[in-house]
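Asker: For the record, the sequence lines run as chains A and B. With numbering that gives the first Met the number 0 applied, the first sequence corresponds to residues 0 to 267, in that order. With numbering that gives the first Met the number 0 applied, the second sequence corresponds to residues 0 to 359, in that order.
Any given hint could turn out to be false.
[Said to hold, decoys possible] Heads up, simulated DSS-like pairs for lysine-lysine below, C-alpha to C-alpha not over 30 Å straight-line:
1. B/43 to A/200
2. A/258 to A/211
3. A/205 to B/208
4. B/208 to A/211
5. A/213 to B/306
6. B/208 to A/18
7. A/200 to A/214
[Claimed, not checked] Some chain B residues judged to face chain A by a derived CB distance under 8 Å, without partners named:
8. 40
9. 201
10. 203
11. 204
12. 208
13. 239
Source of the hints: derived by calculation from the structure; they are not laboratory data. All residues carry an ideal CB built from backbone N, CA and C; glycine is no exception.
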Amino acid sequence: MEELFAKPEIRKPENIVYKKTDLMVDRPLSYCPGCGHGTVHRMLMEVLEEMDIQGNTIGVSPVGCSVLAYDFLNIDMLGAAHGRAPALATAIKRLWPYRFVFTYQGDGDLAAIGTAETIHACNRGENITIIFINNGIYGMTGGQMAPTTLPGMRTSTSPYGRDVQTMGHPLKITELIAHLPGVEYVTRQSVHTPVNARRTKKAIRKAFEIQKEKKGVGFIEVVSNCNSGWKMTPVQANKWMEENMFPFYPLGDIKVDGKLVEKKETVS
Amino acid sequence: MGELRLMKGNEAVAEAAIRAGCDGYFGYPITPQSEVMEYLMAEKPFERTGMVVLQAESEVASINMLYGAAGTGKKVMTSSSSPGISLMQEGISYMAGSELPAVIVNVVRGGPGLGTIQPSQADYFQAVKGGGHGDYKLIVLAPASVQEMCDHVKLGFDLAFKYRNPVMILSDGAVGQMMEKVELFDQIARRTDAEVISQCPWAATGKPKDREHIIITSLDLDPAGQERVNLKLQAKYKKIQENEILFEEIQCEDAEYLYVAFGLSARICQKATDLARAKGIRVGLFRPITLFPFPAPQIASVGNRVKGILVVEMNAGQMIEDVKLSVGCNVKIEHYGRFGGIIPSPEEVVRALEQKIIGG
């Protein structure tokens with residue numbers, strides 16, 4: 000392989016079969032090695048590139064690990080206050096109805112502090128795309144318990160495991176959202192294998208197409224890992240995610256064409 | 000002459016927003032300012048000018064809607080009253096930090112806490128000294144009439160965009176609710192999206208191929224960078240302080256004594272000035288119209304030639320601190336305040352002058 004790369008005659012545009020999208024800013028990501036954020040960023044930007052809507056898209060980043068998403072995504076973006084991205088997106092879309100508008104949020108942002116904004120933006124049926132990264136933990140602040148932390152799961156604020164009697168139950172906000180009439184499409188995906196990453200990309204594309212058709216909210220949950228917060232290697236974290244997160248947060252479509260999917264397809 | 004109408008202060012704010020070419024209003028009901036959104040919904044500005052009016056799920060949501068829309072260069076407004084404005088403080092701080100233009104109307108009611116729904120001026124500190132976290136300033140306008148409720152919306156948008164800074168209109172429940180004659184300014188056309196894009200090159204409007212992507216944020220994790228942000232903000236506030244002071248002097252030329260009051264209190268003091276002069280007391284009134292920038296040099300030039308100053312506020316003594324910082328220590332400065340929704344009468348304000356300044 001190395002010999003191949005050494006040959007300058009091979010490095011011609013017509014020989015390139017795959018490359019990073021130009022819609023990703025050429026700078027190192029701030030995410031931990033093994034984290035899913037980078038993959039989701041790339042899937043999202045590939046969709047924008049394929050739809051040729053880089054100049055017609057305004058994104059909203061959250062507070063959390065992806066607070067700096069705007070440094071990596073080469074589009075106009077606003078950094079929201081913690082949990083408020085759907086409020087920003089609502090107003091932006093109302094005042095720029097022909098722009099594509101999306102929020103990119105973590106579980107603490109979307110399902111704890113921003114629950115009201117999430118539910119009301121969805122219930123109003125705003126024509127926006129919401130990308131929700133669920134890794135069951137507050138990554139940026141150092142691994143505290145999140146609204147989506149699994150029962151018994153250890154975090155820095157549930158060091159003996161999440162006791163649902165005193166700490167409450169994990170919130171399946173995606174299932175909750177799916178019941179709201181303003182929501183057109185709800186799916187739960189992952190990016191830990193190439194197959195899953197491609198499914199996530201398809202889901203993002205579908206959500207943006209829905210936005211184009213002004214059908215309401217497209218909501219994509221991506222169940223992801225947090226090897227740093229979970230205190231595991233990336234490989235261990237992915238395995239743990241498959242064994243523990245997916246049974247509780249099963250992958251697959253939850254609502255399609257405004258209708259709840261009866262049997263959820265579970266793919267791991 | 001513009002169109003004349005008899006209107007409530009809150010209605011004048013709403014009509015002025017439509018006429019100023021406002022693109023969007025986001026709000027949440029709270030007494031005593033609910034007429035703003037009620038008027039807008041009834042008036043259908045979405046048909047008149049294309050303006051968006053949206054009832055949000057909370058004041059937290061409305062201020063963040065404002066933040067989002069302002070970040071895209073649009074002309075947007077919200078209104079609320081004291082407890083609601085307290086809820087908005089985080090968002091206001093973000094907007095100040097990101098240097099976003101918007102108009103925020105506070106129709107103040109008595110506090111603290113749930114307080115009362117009656118008028119008060121107890122949010123002076125919150126409006127003028129920051130309110131949210133971090134070193135920032137709002138441009139603060141203090142209307143004393145329904146006419147000014149109307150005019151300050153237009154002025155507020157002009158200043159907000161001139162300096163890319165949030166503007167607060169610090170009104171109160173009485174000015175919001177009372178009806179007066181108002182002369183409305185003519186309709187200003189809403190800017191087209193192309194005009195927004197060309198007039199607001201700093202705004203996140205969608206990245207064309209030939210420019211860098213725009214990021215609206217108040218975050219800079221590098222302390223040196225964040226210090227630069229702060230220095231830039233402070234330089235801007237200094238410029239505002241030097242250029243945008245507004246005030247009114249009433250019967251100050253021969254005054255031996257001085258009332259200093261803003262908003263509704265100034266209206267009361269205007270009457271008190273007449274009553275006192277009828278009794279032979281030569282008193283004048285100084286009314287700051289901008290609370291930030293505070294008319295410190297102007298108050299000093301009047302204040303330093305009188306025998307005493309009575310600062311009248313519907314609070315426990317807030318603007319008096321700025322008056323004291325403006326005027327020399329040799330001038331007697333006292334405060335007269337009523338709280339919790341009580342509006343002082345002109346007669347009691349005259350008595351307060353006699354007791355605290357002249358007789359005291």
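Asker: Each of the hints needs a verdict: does it hold here or not?
Answerer: Structure-based check of each hint:
1. B/43 to A/200: Not satisfied, since the Cα-Cα distance of roughly 41 Å exceeds 30 Å.
2. A/258 to A/211: Satisfied, since the Cα-Cα distance of roughly 19 Å is no more than 30 Å.
3. A/205 to B/208: Since the Cα atoms of residue 205 of chain A and residue 208 of chain B sit roughly 25 Å apart, the hinted pair holds (cutoff 30 Å).
4. B/208 to A/211: Roughly 21 Å between the alpha carbons, so the hint for residue 208 of chain B and residue 211 of chain A holds.
5. A/213 to B/306: Violated, at about 68 Å.
6. B/208 to A/18: holds (20 Å)
7. A/200 to A/214: Holds - the C-alpha atoms of residue 214 of chain A and residue 200 of chain A are around 20 Å apart, at most 30 Å.
8. 40: This interface hint is violated because 15 Å lies over the 8 Å limit.
9. 201: At 11 Å from the nearest chain A Cβ, residue 201 of chain B fails the 8 Å test, so the hint is violated.
10. 203: holds (4 Å)
11. 204: holds (6 Å)
12. 208: holds (7 Å)
13. 239: violated (24 Å)
Violated hints, in rising order: 1, 5, 8, 9, 13; the structure is consistent with all others.
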